[in-house]
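> Listed below, chain by chain, are the residues.
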Amino acid sequence: MITYIIRRLLYAVPLLVAVNVLTFVLFFVVNSPDDMARMQLGQKHVTEQAIQNWKHQHGYDLPLLWNDPQAGAQKLTETIFYQKSAKLFLFDFGISDSGRNIGSDIRQRMWPSLALALPSLLVGLLVNITLALLVVFFRETYVELGAGVICVTLMSISPLFYIIGGQFFIGKLLNLVPISGFGDGFDAWRFLLLPVAISVVAGIGSGVRWYRTLFLEEVEKDYVRTARAKGLSETQALFKHVLQNAMIPILTGVVVVLPLLFMGSLIMESFFSIPGLGSYTIDAINRQDFAIVRSMVFLGSVLYIVGLLLTDISYTLVDPRVRLN
Amino acid sequence: MVVLWTDALIYLLVATGTVMIWSLSRQRALRRPLRQLARNPIAMVSLTVLVCFALLGLADSIHFRDDGNNVISLLDVACHAMRDSTEKTYSAPFATHLYARETIILADGSTRWDFPRLQHGGAHLTDPESQWAGDVFYKSLGAFLRGAGLMAMIGFLAWADGHEQRRRFLRSPSAKAVFACLCIIVSVTYTLFALSAHYHVLGTDKVGEDVFYQALKSIRTGLVIGLLTTLVMLPLAIVFGIMAGFFKGWVDDIIQFIYTTLNSIPSVLLIAASILMVQVYMANHPDDFDNVLVRADIRLLFLCLILGVTSWTGLCRLLRAETLKLREMEYVQAAQALGVTPATTLFRHILPNVMHIVLISVVLDFSSLVLAEAVLSYINIGVDPTTYSWGNMINSARLEMAREPVVWWSLTAAFVFMFALVLAANLFADAVRDAFDPRRADNTANIAR
Chain A
1 MITYIIRRLL YAVPLLVAVN VLTFVLFFVV NSPDDMARMQ LGQKHVTEQA
51 IQNWKHQHGY DLPLLWNDPQ AGAQKLTETI FYQKSAKLFL FDFGISDSGR
101 NIGSDIRQRM WPSLALALPS LLVGLLVNIT LALLVVFFRE TYVELGAGVI
151 CVTLMSISPL FYIIGGQFFI GKLLNLVPIS GFGDGFDAWR FLLLPVAISV
201 VAGIGSGVRW YRTLFLEEVE KDYVRTARAK GLSETQALFK HVLQNAMIPI
251 LTGVVVVLPL LFMGSLIMES FFSIPGLGSY TIDAINRQDF AIVRSMVFLG
301 SVLYIVGLLL TDISYTLVDP RVRLN
Chain B
1 MVVLWTDALI YLLVATGTVM IWSLSRQRAL RRPLRQLARN PIAMVSLTVL
51 VCFALLGLAD SIHFRDDGNN VISLLDVACH AMRDSTEKTY SAPFATHLYA
101 RETIILADGS TRWDFPRLQH GGAHLTDPES QWAGDVFYKS LGAFLRGAGL
151 MAMIGFLAWA DGHEQRRRFL RSPSAKAVFA CLCIIVSVTY TLFALSAHYH
201 VLGTDKVGED VFYQALKSIR TGLVIGLLTT LVMLPLAIVF GIMAGFFKGW
251 VDDIIQFIYT TLNSIPSVLL IAASILMVQV YMANHPDDFD NVLVRADIRL
301 LFLCLILGVT SWTGLCRLLR AETLKLREME YVQAAQALGV TPATTLFRHI
351 LPNVMHIVLI SVVLDFSSLV LAEAVLSYIN IGVDPTTYSW GNMINSARLE
401 MAREPVVWWS LTAAFVFMFA LVLAANLFAD AVRDAFDPRR ADNTANIAR
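Protein sequences, first through last, are from chains A and B. Be aware that the first sequence starts at 1, since it is given in the numbering used here, and climbs by one per residue. Be aware that the second sequence starts at 1, since it is given in the numbering used here, and climbs by one per residue.
Looking at chain B on its own, in the form it has when it is part of the complex:
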């Protein structure tokens, strides 16, 4: 087993996330918003999509060495059919022939100017023209039915469940929505995976690599950027924000000065400058970064670090304002009057009461970070060019729109995957904000009920 830096941090993140969720669910005050969240079908569906993405990302974060001493991940093992079956250059989704014509040497020695057959995509067909449509149809139908059948069986088991409480839970709109969503995800994923043993379901790119595989590998990068950045940002924002609001005076002045300074530097330029510095550093210390994977990983980690440094100021300001309000509350005043030390007051009385702001802003920031990665990669200050990421896919595909006929599949794949992740994150963020923000109107209505 090989543990990269980002892998280790992802494991840490999963551990802290689990502890956080466990401790949050034990807090009385948070039970109502959590229940409201669970009752919202849209929130639960988007959470399901997010969890599916997260599982794929996690599978891609468990690295080990294979027989050839290459570092591969669990996802690579699952996708070995796509990983190994590279073609010469572009080919359309489900194509049996290459995108470009070339000279083919026939069996009798003569040459012909035509589209050559792919080495892997549709290689099992003897006569692609007549068999192709039927083969694709029957293969996808069969795989889809198998996936749907699995889900139908689970659904049947759930339906037959006699336990009264579980029955009520399974009949709720959220559970139904989640089940429907899972049905679609499982059957479609199963179909795509089954088909990709015979075809390139999303085509191949310029060097003949499977686009579906690239898009799957990019999930991890997107999640790492979205989540590890929060891991960097949260401690800074929470510690500084609460301290500024609680102690006021010179502490407040210094912290305000720090975040105004950081805010005033255009964040793109700060990121660019830092990434340039890392590049220079790595170029001058080639011995420490001999492995391509390690280099890319360090750069990804550093990108998260610098994104975290540029993005903590907003949350810090919110927390400062909230703490300023909270410290004048009677219960905090009472705690101070009773002689509770400032540290205890902070941990017991202030911190739990600003957690909803932290939670909301973490979920809200996630989608914008995923989108930011694409833009940064486009300017060449994002992830390493060898890392699989949607930004890199778009970056290398943007000139392909000018080709004739248009090479649309790389862009479409990146678009669909990114859109699904960001849309789910946005919808979930809205639901979290509605549930946890005490100022939202329908909360009071729920309390009264």
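Next up, chain A with everything else stripped away, as it sits in the complex:
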């Protein structure tokens, strides 16, 4: 087990290097720092001196990969690749283009993101599984047909409309919760109520359908038939046997997204102006702050790879048949 984890961690290194090189190429080779400077300073009437100043301020006035005039190891370290990309491996995100410390920003903004994403995930899971079990319980009746129709309809609505509609009807017309904003500490729950509810409702369509197929696969298996044959009621068979065995794919599916919850949800956070990482990213994109976007790409990849690793480990924990080697 330990050796497996170590090997997987080692396998993650080339992946992260590849991600890093890809972002490096995307951000520095396709468009030179000169282009970025011109973009930030405005297209027209930019003097060469202003560009040089901007590059110097943000540390972009170095060669890309190889600094010949320097001596020894500095030939490698005094380059953009080392300064801007390689340092990400140490989780040293550096300074954003507007001069803020990205690392402390991330640490601070992670928690509002989590406060929104974790309840959304858990409540969504509970609602989806309950509804899917109900649908499976009433299978081959009109209830299932109706549920299928409702699911497809819900799936076909853009998430943007759930948000706009929810804000309009619940926030503005009924005045039940504040439309947007965020509070300190536990005061924040009032602001989180609506976004959590909306993300749960928006996910019902695809979620229920997905869990339904999982349950339906289990429900026809021999052991469930045996359970029914020995006199278990349908409810008992569903909860005792089907749910328990379907838990394996459900759990592993949840584990893979757990680390990514830190990244927050882009549209939710920006619509409800929650100061999380999602809105941070959107702001960076809109301000064209390349340093932040680069850091978030790297952070996202790390979290994804952690998620994959956790999935594999959780397989062995919930399913004793799986052996890692």
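Wrong hints could be hidden among the right ones.
Simulated crosslink set (DSS-like; lysine-lysine; CA at most 30 Å straight-line) [what the hints assert, rightly or not]:
| no. | chain 1 | residue 1 | chain 2 | residue 2 |
| --- | --- | --- | --- | --- |
| 1 | B | Lys325 | B | Lys248 |
| 2 | A | Lys230 | A | Lys240 |
| 3 | A | Lys55 | A | Lys87 |
| 4 | A | Lys221 | B | Lys325 |
| 5 | B | Lys88 | B | Lys206 |
| 6 | B | Lys206 | A | Lys172 |
| 7 | B | Lys206 | B | Lys139 |
| 8 | B | Lys88 | A | Lys172 |
| 9 | B | Lys139 | B | Lys88 |
To list a few chain B residues with every Cβ distance to chain A over 10 Å, as calculated [as the list claims (entries may be wrong)]:
| no. | residue |
| --- | --- |
| 10 | Val14 |
| 11 | Leu34 |
| 12 | Val51 |
| 13 | Ala92 |
| 14 | Gly149 |
| 15 | Asn263 |
| 16 | Leu301 |
| 17 | Phe347 |
Derived by calculation from the structure, the hints in this document are not laboratory data. Backbone N, C-alpha and C define an ideal beta-carbon position, used for all residues, glycine too.
Position chain B relative to chain A; hints supplied.
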């Protein structure tokens, strides 16, 4: 005639699609699923809706220059009444007056603070208060009856058809459902088009542009995103997926490495980064992109490209798993034992047997891509702000919900059009999956029958 990049690719797509459908329908093994699909009324109705959308999109993809040297499309010509009749600012659907009050100078020189009349919407009415309801009613009834009459005539001709085989075909539930659906679409579209010569049927937006026209123009953008992305994604997914599964070993390792790397980058951020790069590139090379239309078109094309790059991994993984299974099958082993080259084995024995997965995933991805466009446009990393798209419509309309009285028509129009397209695509995708996926239970029942 002016051919934009996306236009050219759409023509290519139509050509490949036609060839694909032709070759698919000739394959023996696919006749049963195709027949099952044709027997499913829901599938056929949703296909009809999709085809109608596609026709509108195609009409919008044939560009040429008009007298004023503007590049316009065939759809623009059909919608010239809506395109030309812009108002000052917001106006509600079927309104005769503007949304906001302003100072009106009367004939005798005095001023009044009131809602001014629209320049085009209901301009033919002398006394809007008394005539409006009757005019709208009679105009829509007349147009609807004309549209419905046309369809009734076609229906009558079909009913009177004496040919035995055609009769049986026309009596099938699918044909009836498609006909009913076409009746509704044709009459409603005819009504809307006829009315839009006199009114703004879906109102006007902030700068006074007809919302119905915007929604119609957005169809092309939605279709381009949904379809061109597949054109980018398919070659990558098929080539890499089959090669990884077939050759195994180091080829497999490299391909797995590539798609895990791409997968691990959050796709929204990758898209954002690439779009930012394109923006920087275009800003620094203004000479190559002098025309607004060309700029918007290149950005749309690039968006499809990058969406394709981020979305091929899922299909690639499916194809790899399927090929791994197929290459151990007896017939493939036999082919290899008989000395068939790997290339021939791939083309003759593996590729045709994974096509159903490709087909299912293309149809399934379409709706999610259309929805993704709206979200991306909202974050400003989608299509160009000057391109007509549902995402842009929502984006510019979301603050209008806070106005008093609420400006609801832009959002509603985008909602209805998007919902119709995505719902049809979802229903069709379900039917395709049911018909083509060999694991679905009712397939075996059909074989036994």
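> Hint by hint, note whether the structure agrees.
Hints and how they fare:
no.: 1; hint: B:Lys325 to B:Lys248; in the structure: holds, 12 Å
no.: 2; hint: A:Lys230 to A:Lys240; in the structure: holds, 14 Å
no.: 3; hint: A:Lys55 to A:Lys87; in the structure: holds, 18 Å
no.: 4; hint: A:Lys221 to B:Lys325; in the structure: holds, 23 Å
no.: 5; hint: B:Lys88 to B:Lys206; in the structure: holds, 8 Å
no.: 6; hint: B:Lys206 to A:Lys172; in the structure: holds, 22 Å
no.: 7; hint: B:Lys206 to B:Lys139; in the structure: holds, 27 Å
no.: 8; hint: B:Lys88 to A:Lys172; in the structure: holds, 28 Å
no.: 9; hint: B:Lys139 to B:Lys88; in the structure: holds, 25 Å
no.: 10; hint: Val14; in the structure: holds, 25 Å
no.: 11; hint: Leu34; in the structure: holds, 22 Å
no.: 12; hint: Val51; in the structure: holds, 18 Å
no.: 13; hint: Ala92; in the structure: holds, 17 Å
no.: 14; hint: Gly149; in the structure: holds, 32 Å
no.: 15; hint: Asn263; in the structure: violated, 7 Å
no.: 16; hint: Leu301; in the structure: holds, 17 Å
no.: 17; hint: Phe347; in the structure: holds, 31 Å
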